[in-house]
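Peer 1: Residues per chain, in single letters:
There are 2 protein chains.
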Amino acid sequence: MKKIVVQKYGGSSLSTIGKVKKIAKKIVARFKEGNQIVVVVSAMGNETNRLLKLAYRISPSPDKRELDMLTSTGEQVSIALLAMAIHILGNEAISFTARHAGILTDGKYTRARLIKIDSQKIEKALNLGKIVIVAGFQGINHHDEVTTLGRGGSDLSAVALAVQLKADLCEIYTDVDGVYTANPKLISEAQRIPRISYDEMSEMAALGAQVMHHRAIDLARKYHLPIIVKSTFGSSKGTMITKEVPMLENVIVRGVTYQKNVARITLQGVKKNTDLACRLFEDLAKENIVIDSIVQDLYNQDTVTVSFIVTEEDFMPSLKITKEIAGKIGVQKIHTDCNLAKVSIVGDSIAKESGIASRMFRALSRAGIHMETINTSRIRISCLIKLSQLDQAVKALHDEFELSKIKKEI
Amino acid sequence: MKKIVVQKYGGSSLSTIGKVKKIAKKIVARFKEGNQIVVVVSAMGNETNRLLKLAYRISPSPDKRELDMLTSTGEQVSIALLAMAIHILGNEAISFTARHAGILTDGKYTRARLIKIDSQKIEKALNLGKIVIVAGFQGINHHDEVTTLGRGGSDLSAVALAVQLKADLCEIYTDVDGVYTANPKLISEAQRIPRISYDEMSEMAALGAQVMHHRAIDLARKYHLPIIVKSTFGSSKGTMITKEVPMLENVIVRGVTYQKNVARITLQGVKKNTDLACRLFEDLAKENIVIDSIVQDLYNQDTVTVSFIVTEEDFMPSLKITKEIAGKIGVQKIHTDCNLAKVSIVGDSIAKESGIASRMFRALSRAGIHMETINTSRIRISCLIKLSQLDQAVKALHDEFELSKIKKEI
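Read top to bottom, the protein sequences are chains A and B. Going by the numbering used here, the letters in the first sequence line up with residues 1 to 410, in that order. Going by the numbering used here, the letters in the second sequence line up with residues 1 to 410, in that order.
Do not rely on the hints blindly, as some may be mistaken.
Which copy is meant is left open, because identical chains are indistinguishable; a pair holds if it fits in one copy or across any two.
[Claimed, not checked] Derived SDA-like pairs: lysine to any residue, alpha-carbon spacing no greater than 25 Å straight-line:
{"no.": "1", "residue 1": "Lys-64", "residue 2": "His-87"}
{"no.": "2", "residue 1": "Lys-21", "residue 2": "Ser-59"}
{"no.": "3", "residue 1": "Lys-243", "residue 2": "Glu-324"}
{"no.": "4", "residue 1": "Lys-64", "residue 2": "Glu-324"}
{"no.": "5", "residue 1": "Lys-19", "residue 2": "Thr-48"}
Hints listed in this document are in silico derivations from the structure and should not be mistaken for laboratory results.
Required output: the full structure, derived from the provided sequences and hints.
Peer 2: What follows is the structure in structure tokens.
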């Protein structure tokens, strides 16, 4: 039985015809090792942004169905060119759009969710000895119309296909050589993490490590699909994401991560006992806006203050929805703050170990950093801080937990 | 009952976002006159060529399925942007790929032929008051894969949709303001022809008048669909193509047209009584290569010479096929000539009038032009000449038949 390997190449790995040809060689080499190969690709280089710019030159708020019709062409160009580049090497390859690949989604244009994959065509092609090239980022809804999966969509396409095909491995090729203990551009001593658990990776991805999208990791975790993240053209061994990671050296904190573009929306003077929060978060969820921490505090005897955190990307639509609801139920004031960042430490055993939170707070405090809000989960502690203090905060935490001392390979 | 109008805009009409916005206004104006509008568009500007260049940087002979996968994205970008540009004007529009428009073709990638159109989705959208924007040039085959219709494909898409929808009119917008008695770039006294018959237009299109593709005109003729060809941004009344054209002033020759890129392939020393010609033309037809005149002459007692004319575009594949067959049956020599052109006069009554051919030959002869072969049909007389003498030939014929004296409007 041949192994099935799903590979994913991002836009920066496909930004020139030269790179497309190089990738074709890599794919063929992997194929010749005796694997069945499915390759998921993004649009070439900045193609998606180029297309979006055309759209925004026409309309400040283009119709979402038409945006998906537009941007999905980027991946379609990539699959065709990559298939040609494999043919010229003397191998059989076939390009599939989301439709051919059977990637079915709900109807939410520009941020659709996967429903299922009907992989018959892919399996047939694999069994004919073909390398299958699939357009990432896109799906089709039940009206047979193109949808796109939103940020990180191609990662999600790759993982979902790997799960559906019961692949042995999903390889995510990108422009960094793995997951680091902190952003190496910020922290020169940051170390590549050789193995990381789904939980840790999911948190780190959700919190801003730009390597892979957390939706993809969450799906991989559910089906125990091993993923390796590595550099397309480099030689590093990358980072393996699996269920269990041997905790040699008693590593508690796996990495420091951050999210630069977060914004807070605060509603002051909300009447007590209204269902504001409920309605607000329902309406935000309808737009697939993910809300980070929510805080509800007494403001005075009759009213409360509600505040919540969203990504910068979701800020404008969130504010619009908030204002609509606030207008209906009467709110004294809406207050916004966009100069915030979130810094977090992540590690599978954080909740189990005592004293981790206090070490974090002390380290930040020593560095003169004020924490706006704090948010914890089983494997993560996050602090909202001023954007201007972000670099200092990451450095302080990376030092505190001695992350530069991680062993290169475990 | 509202009138149904199908409009088609070519790539040069869509080469910038500014033009896309202008076209949106034209479409909305036509819609507000009380028409149901279906718009067929080509790829923006030189997008198709840009994509083809990417492909040819990868492979000298890219797989045709992948070429169609690639180039069909050009039209998809256009339809999405044009729909957005109509939305911003406050009107409803929806973009349809060939799949949504139900444009079904055979399986011949890069030069597919239309089989039928399943226009349910379009009709539904029209009845909901939407302007429907359809990707020209593309179709889908019975494997549900994208095909393209070859040269002039968008014209064909427009006419086929107009026929299927029983449209009242098909409007072809282009960068020239109608059909002329000769190429106005060559002959400054050339006149716009206000009305022309399907037969005449089909001949002129097939022979190289770059205004519209003859496949599209042939289809319109079959269903008596009126077509108007006019300039996108100009004010000219254009040229109306219909069944009957009043022949005021006893106009016999409607126009002089030419084809620059023709090539002749000659097989010398073919054994008599072989089925070479038959097999050759069967194999060429399989590749959808259209052969112009075929000449078979005695070469010596036992052998014949067979020669035929193809467009430059079809030259290389035709030569390949010719060599394959020649190899099998034994041919003494294959001879090729690419420096040829075809000049023709076209008019519905040419066959009925005596003396037209002799006037043509005398005019060319007076201008010192040698005719290689002559070819006539009911409404056309064509001469194959040296490419270097083409300009002189067109001028001589335009003068001979006094085409600069045509009335501006009939």
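Peer 1: Which numbered hints turn out to be false for this structure?
Peer 2: Hint check: 3 fails alone, others pass.
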